[in-house]
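Engineer: Given the sequences, and given the hints that come with them, work out the whole structure.
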Amino acid sequence: MPRIRRSFDFVPTEMRLFTTLNNAIVILSGAQAEPKDSTLLVGGALAIITAFSLSLLFQSLWAGFFTAFFVAAVWLWMIDRRMVSRLEDAGNRKIVRVIFVLLISLQLGLSVIHYQRSVNHEVRLSDIRTTIIHSVSKIEMKSSLLLALRHFHSLPPEEQASIADTFKDLFDGRLNTDGTWTPETPDDGDLQYTYSIASPDSIILAVTATFTKGKDPNFINANNQTGMYQARTVLTKQGVHHVREN
Amino acid sequence: MFGKTNQAESKKWMPWVNLMLLLIVIGGGLFIFTVSGLINTNVWMNNPLFQVIIPSLQLLTYSSIDAINQFGGYSADSAQFWKSGLISAAGLLIAIILAPWLFVKGYFAMEKSEKPNKTVSVWYIGAAVIIISIMVASSQITMNLIQNHDMKNRIEANRSMDELRGVMIGLSFDAAQQLILSPDADDDATPEVRLESLPSFSEWDKFEIHINEQLGDSVLTLTGTLRDKNLVQALTQRSTVTMRITPQNDTLIHF
Chain A
8 MPRIRRSFDF VPTEMRLFTT LNNAIVILSG AQAEPKDSTL LVGGALAIIT
58 AFSLSLLFQS LWAGFFTAFF VAAVWLWMID RRMVSRLEDA GNRKIVRVIF
108 VLLISLQLGL SVIHYQRSVN HEVRLSDIRT TIIHSVSKIE MKSSLLLALR
158 HFHSLPPEEQ ASIADTFKDL FDGRLNTDGT WTPETPDDGD LQYTYSIASP
208 DSIILAVTAT FTKGKDPNFI NANNQTGMYQ ARTVLTKQGV HHVREN
Chain B
720 MFGKTNQAES KKWMPWVNLM LLLIVIGGGL FIFTVSGLIN TNVWMNNPLF
770 QVIIPSLQLL TYSSIDAINQ FGGYSADSAQ FWKSGLISAA GLLIAIILAP
820 WLFVKGYFAM EKSEKPNKTV SVWYIGAAVI IISIMVASSQ ITMNLIQNHD
870 MKNRIEANRS MDELRGVMIG LSFDAAQQLI LSPDADDDAT PEVRLESLPS
920 FSEWDKFEIH INEQLGDSVL TLTGTLRDKN LVQALTQRST VTMRITPQND
970 TLIHF
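Chains as they are written, first to last, in this note's numbering: chain A, 8 to 253; chain B, 720 to 974.
Treat the hints as calculated values from the structure; they're not laboratory data. Bear in mind that the values here come from a model prediction, so they are computed numbers and not experimental data. Where hints are given, some of them may not hold.
As the list claims (entries may be wrong) - Covered stretches of chain B (in silico footprint by chain A; criterion: 3 or more residues with CB under 8 Å from a CB of chain A, positions within the stretch not fixed):
#, segment
1, 776 to 782
2, 814 to 826
3, 946 to 957
All C-beta atoms, glycine included, are put in the ideal place defined by N, C-alpha and C.
Structural biologist: What follows is the structure, encoded as structure tokens:
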């Protein structure tokens with residue numbers, strides 16, 4: 008026996024949802040929700056979701072959030088024009104408006120505070136990371152080269168060798184054939200150390216970070232990255248000289 | 720007639736009185752349970768209700784986790800990105816769209832009702848969400864204003880201590896080098912190291928650094944502290960940095 012279609016079956020899904028929502032409000036409030044009011048609610052929700060989707064475009068949740076917040080504020084203004092103004096009691100109208108203004112301004116104020124705090128967190132942690140990396144790499148390079156300098160100066164005149172030879176003798180196990188230098192304490196994979204023998208009396212140890220930021224965001228690093236921390240330490244007979252390049 | 724108007728006026732406020740009593744009972748109960756330790760203190764900030772009623776709170780959590788990930792060299796967590804985005808969007812929808820709409824609809828229902836005392840559920844739901852949202856937001860803003868000054872001081876103090884440590888590392892290496900290169904290093908009469916003679920020395924307004932002791936060319940101790948007493952008080956760590964320089968050991972400097 009063919010199934011008899013009810014008239015409700017022909018109604019599109021959106022319309023059915025709309026009717027269900029309207030019925031729920033009728034049950035809860037005991038008053039008929041005007042279709043226009045429900046449209047306003049659905050429209051507002053869709054506008055917020057669309058505005059928040061900008062987060063995906065900019066890959067920033069805050070961008071989507073503040074756009075959606077602006078849309079919500081405009082929507083509240085529309086609610087005021089189209090619904091609040093229809094309230095019969097002037098006192099109720101005033102209460103609703105005061106509460107709306109309080110709600111939107113306090114939420115906006117707190118959102119701005121939270122945004123500032125999140126930016127500060129990011130900057131502060133990045134600064135801390137750079138400070139730690141600066142100290143760690145400075146200690147690694149300066150200590151090693153000062154030990155080579157001490158060794159060079161402690162040799163008796165008959166065993167005197169060049170700085171380069173002294174350096175190679177002392178750190179043979181840490182000098183890799185590809186020009187990289189193995190640090191005494193391995194780090195979390197951020198720092199790439201290299202060594203070069205500029206002349207028999209001049210050694211250069213250099214370091215480049217792979218994810219720790221330096222001072223200049225446009226600085227081109229030795230490993231072809233941009234804006235990362237970079238420093239080098241030069242050993243000569245006169246001493247050790249450390250330069251932070253970024 | 721005058722009496723009737725007054726009665727109607729007072730009845731108009733009855734839903735507000737009911738709502739406030741309800742919020743005070745629920746809020747007070749939760750507070751007492753938190754104070755007595757039956758509910759964890761984190762329940763306030765970490766529970767979903769809070770995260771939805773204050774939509775930006777979830778984004779602050781996400782940003783903090785993301786900053787920590789970046790600190791460790793990890794990329795952003797896309798699952799967390801979606802989760803935070805959805806919770807925050809749901810928060811905006813509930814706190815600024817749905818609740819105000821239900822609140823106004825509730826007023827319509829009350830105005831159209833023939834019984835002034837009629838309990839309108841949508842009004843209570845909308846009003847409760849809005850009032851909790853306003854109360855929480857205002858308390859958070861106030862707390863932030865109070866804590867802001869202390870936090871700024873603490874951040875500045877910790878940053879100054881990091882700077883002091885960096886300066887002292889530079890001075891320690893300079894001192895070690897001076898002792899290594901000193902022509903009299905092998906003699907008994909090792910020249911005295913003076914701070915002013917070290918290449919990285921300058922007159923620091925913020926720090927007070929001095930040489931504590933020098934034992935020939937084998938040990939030199941440097942001590943540094945912050946001059947600003949307010950910053951010293953704001954510190955959550957020791958305010959003095961001591962460095963021991965041992966040029967004849969393989970570990971040249973010790974913290």
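Engineer: What hint numbers does the structure not satisfy?
Structural biologist: 3
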